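Residue strings, one per chain:
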Amino acid sequence: MASPEDLSGRPAPLYEARKGVYPKAVNGPFRRFKWAIMAVTLAIYYATPWIRWDRGPHAPDQAVLVDLANRRFYMFQIEIWPHEFYYVAGLLIMAGIGLFLVTSAVGRAWCGYACPQTVWTDLFQHVDRLVDGDRNAQVRLANGPWTFEKLSKRTVKYLIYLVIAFWTGGAWIMYFADAPTLTAQFWTGQAAPIAYGTVAVLTATTFILGGFMREQVCIYMCPWPRIQTAMMDEKSLLVTYKDWRGEPRGSVKKAQAHPGAIGDCVDCNQCVAVCPTGIDIRTGPQIGCITCALCIDACDGVMAQVGRPRGLVDYCTLDDAASEKAGGAGRPIRKTLLRPRTLIYFGVWSAIGAAMLFSLGQRTRLDLAVQHERSPLYVPLSDGHIRNNYTLKLRNMETRPRRVAVTVSGLPGAAVWTEGGARAGARQAVTLTLAPDSVTRLRLFIAAPGTGPARQDFTIGTRGLDGDPRGDSDIIQFDRPEAGQ
Amino acid sequence: MADLKQRIDEATGTSTVGHEWDGVEELNTPLPRWWLWTFYATIVWGLAYVVLYPAWPMVSSATEGVLGWSSRGDLAKEMAADAKRRAPTVNAIAATALADLPAKPELMQAAVQGGGAAFRVHCVQCHGAGGAGVRNLYPSLTDDDWLWGGDLASIEYTVTHGIRNPDHKATRTSLMPAFGRDGILDARQIGDVVSFVRTISKQERPSAASARGAALFGANCAVCHGAGGEGGRQVGAPKLTDAIWLYGGDRDSLTATVNQPRNGVMPRWGGRLDPVTIKMLSAYVYSLGGGEKGLAPPVGEQGADGQP
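Chains as they are written, first to last, in my numbering: chain L, 1009 to 1493; chain F, 190 to 497.
Please keep in mind that the hints were generated in silico from the structure rather than gathered at the bench.
Any given hint could be a false lead.
Facing chain F, according to a computed beta carbon distance under 8 Å, are these residues of chain L, among others [as the list claims (entries may be wrong)]: (1) P1021; (2) L1022; (3) F1041; (4) D1251; (5) S1383; (6) P1388; (7) G1392; (8) R1395; (9) T1399; (10) L1400; (11) G1428; (12) L1452.
Distance condition first, Cα-Cα at most 27 Å in a straight line; then the derived DSS-like pairs of lysine-lysine [said to hold, decoys possible]: (13) K1401(L) - K482(F); (14) K1161(L) - K1027(L); (15) K1401(L) - K293(F); (16) K1243(L) - K1343(L).
Under 10 Å between C-beta atoms, here's a sample of chain F residues computed to sit facing chain L [to be verified]: (17) V206; (18) P221; (19) L225; (20) T252; (21) N325; (22) L326; (23) I433; (24) L477; (25) G478; (26) K482.
Please read all numbers here as calculations on a predicted model, not as lab measurements.
Backbone N, C-alpha and C define an ideal beta-carbon position, used for all residues, glycine too.
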């Protein structure tokens, strides 16, 4: 394994400085696609908290709101309570399986197009071009001395970075409170300290991660590229340099001089120049490649200029690469995408989504949770009856007050009353009014004849008395002293 | 380390660091320099932490740190902040007459919560978690049978002055004679009285013994327990006609009680807990399920609101 040549002189450093990446501007279908995705994702991120959604007088009118203080999560007409957090868990599982699906079908498309790190890095690189000029000007400026021009350009650039970063951090907190109110509070110094802290932290991380760390986040910090390598197979799309077509590299002149001996790659280095992570795609698949496909755009442009077919660098699966190398043709894209693995992922993904939608439509908005008090388990009353105490939580998840009944069934001779009520005249039901969008805690006293099984299951239920009788019920236990006690 | 031999590894094209262990060599894949800076930054952070916060363990405690921070101090601060938070509610409870509390549900709720906390500290030792009582020892506070009264005022009085505190004038007190031990009644008479008590509590059918017991009861017991055994709250005499027996309602238990009564005691909390805490404790006990409505009813009345 060892090479005979020993290195002499200074030992190679164990730490190395970042090599600057100055991606060149490029145009093409993938670049335009990235523009579109950037516009859509940034618009969603910045604008969503400002969408209004009327929910009546008892709930906020912000379309998407994570109301941590009141423990509610609003998303358009869906309202999630803390005990329904499994919907969020379901969403996360869908996101996970969705990433499996995307990765197994089209490789690291998430990394290349939609990941916030990619989108913001892309945005900051456009700022670089806007202020410093394109690749060559950027390199010249970076290597040049600190002149007034460089100082002023750097100041302007970092100021723009800072504005974007601040805007990014500022938009984040709008998801957690009423956006117009919070904005007013924020600028008058009346917002919560946590709001200022969050904006400061997110401004700093955006400024550093988007402005300076960039591709190093993908290469050194992010676990996702490592996980993805385990999810891709030989049928996943990769950005591939078709070396069997491109090698050996040589200029057009060289190719004219030696017909047949030179491949299609003219070694113009454009694929390297446009790469936002600064890699050379021609060395094969690598962790640094986020499959943003900008090198495909660059190479296609060059191939068009020299009059050769496009796709020297192109999306290609390992299977297709092998078959093309052997002289065959690649499978059509439809077949690449539609195969058992992607279909199963898609099936599972959509089944979870459908199940969640179904249960969202079916869930009760009047919820009951009953707890049997255990200390004491039962209370013998002076007339020989036995009383059990229960703690009820009645959740009125609608944004209107409700008139409801709490009823007992399956417990003969039972009398039900609440704290503040009285046993005299008690029946098998109590009625009460629930405040809108609230949890009402209720202590329920139930007395029943002392003769009966030591443990008896019965039902406590609740239903609306205001036209919508849908409700909830719980089967719970009534305890009596064991015989002989 | 002198003979480090760095060379380029053929397969990867990467330089080795020069170490070699039985032919195993290490490739030099340089860490990014910012990573090194981050590492130095953590060291600086650690040094600052050691100076600012408690760090070095010494013989009896750790070094204090420049900021003087301690977890105990943190707790004291949090407790003080919470006391401040609770102050308005506690003051409102203090300013409200006990009898008016149930009419203010929010205040009553707060009082019940606060009383529950105090109950769990001072009362559970005897009355048990949730006020369930202990059979043959301490009464249940959750049922609808009260020795000294179950309305708010009576409960507060009992908690404040205790039961049978010989050194306290206002305490609740009474003394059931030891009919058997002191020879007031003989064994046969006690048996007759027990028969009568079991008859009025519907555990036995009337018999010759219970008829004899009725006369004895009238002469010896009715003065406290009432002519029909309905009890007397002024003297804490339990009702004998219901199904609740602190010391047992079977023949043996009743015989033992008549023979030598327990005359249970309870400490007074007047000087030990502040009036607001006692007020909240009363609200809590009242809320356990047996609370009787109305202002302190005349002794012997069985609750104002139809509660048995």
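Unsatisfied constraints (hint numbers, rising): 3, 4, 9, 10, 12, 20, 21 and 22
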